[in-house]
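Novice: Sequence:
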Amino acid sequence: MAVTLQVVGLYYKQPLDMGLTSDQTVNIKQVLDFAQANPQGQYALSYGVGQGAGAAYVDFIMTDINGQFSSPVSGTRYNGGQFSLTQTFTGVGKGNYTVWQYYVQDQNYQPVKLPTGAETPFETANVVQDGFTVIWRLVEICNAVPVMVGDTAVGATASEQAGPRLNARLAKVVGKPAVKA
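Taking numbering that gives the first Met the number 0, the leading residue of the sequence shown gets 0, the next gets one more, and so forth.
The hints are simulated quantities; they were obtained by calculation from the structure and are not laboratory data. A quick note: this is a predicted structure, and the numbers were derived from the prediction, not measured. A portion of the hints provided could be inaccurate.
With a straight-line cut-off of 27 angstroms between C-alpha atoms, the simulated DSS-like cross-links for lysine-lysine are [stated by the list, open to error]:
| hint | residue 1 | residue 2 |
| --- | --- | --- |
| 1 | Lys93 | Lys12 |
| 2 | Lys112 | Lys12 |
| 3 | Lys28 | Lys12 |
DEER-style ranges, computed between Cβ atoms [as the list claims (entries may be wrong)]:
| hint | residue 1 | residue 2 | range |
| --- | --- | --- | --- |
| 4 | Thr3 | Asn78 | 37 to 47 angstroms |
| 5 | Ile134 | Pro38 | 46 to 56 angstroms |
| 6 | Val144 | Ala36 | 38 to 48 angstroms |
| 7 | Ala143 | Pro14 | 19 to 29 angstroms |
| 8 | Pro14 | Thr89 | 15 to 25 angstroms |
| 9 | Ala143 | Gly8 | 37 to 47 angstroms |
| 10 | Val146 | Pro114 | 14 to 24 angstroms |
Glycine residues also receive a C-beta, built at the ideal position from the N, C-alpha and C atoms.
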């Protein structure tokens, strides 16, 4: 068997024969390092690491695809080339930003529980076993303040919770209230 590595948006979903036995585990960095050192046919992968708040993080991931290929998700044909995504997070601040996120699935495509904590360094948690899948995706964090939309008292109906403020706001934006008053 093998560990599958998928990078959403970069047309990369490859089985990596890391030679693991059923009792061995590796960390996420080891999976990325293996993929970087061992191109899979026409698919090569590289990544960059940044350092912040005492923990390393993935800054960018790039694929280099030699020749035409089909998207592993949609099946659409594309010309080869280099494809890269970079996170924009530079620290706590205002505005939206992107950040790399990974998750792990077992052989049955069920989520694998990762160690808890404020941060789970990708280079320390040995959670990947033979047959598992590691999926990376670049997500956007909308760093916005939520707006209270009315009385949130327990037992209030949806109409009561929507309240006049939300209805007035929606009327301005879309031309009609969410619920009838």
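Novice: So does Val144 sit 38 to 48 angstroms from Ala36, Cβ to Cβ?
Specialist: holds, 44 angstroms
Novice: Does the alpha-carbon distance linking Lys93 and Lys12 stay inside the 27 angstroms limit?
Specialist: violated, 34 angstroms
Novice: Given a hint of 46 to 56 angstroms, does the C-beta separation of Ile134 and Pro38 actually sit inside it?
Specialist: violated, 20 angstroms
Novice: Would the pair Lys28 and Lys12 pass a check requiring their Cα atoms to be no farther apart than 27 angstroms?
Specialist: Holds, at roughly 16 angstroms.
Novice: Is it true that the C-beta distance of Pro14 to Thr89 lies inside 15 to 25 angstroms, as the hint says?
Specialist: The hint (15 to 25 angstroms, Cβ to Cβ) is violated, given that Pro14 and Thr89 are roughly 35 angstroms apart.
Novice: Could you tell me whether the CB distance from Ala143 to Gly8 stays inside 37 to 47 angstroms?
Specialist: violated, 23 angstroms
Novice: Can you tell me whether the CB distance of Ala143 to Pro14 sits inside 19 to 29 angstroms?
Specialist: violated, 39 angstroms
Novice: The hint says 37 to 47 angstroms between Thr3 and Asn78; measuring C-beta to C-beta, is that right?
Specialist: Taking Cβ atoms as reference, Thr3 and Asn78 lie about 24 angstroms apart, which means the hint is violated.
Novice: Given the range 14 to 24 angstroms, decide if the beta-carbon distance of Val146 to Pro114 lies inside it.
Specialist: violated, 35 angstroms
Novice: Lys112 and Lys12: Cα distance at most 27 angstroms?
Specialist: holds, 22 angstroms
Hint check: violations occur at hints 1, 4, 5, 7, 8, 9 and 10; the rest are consistent with the structure.
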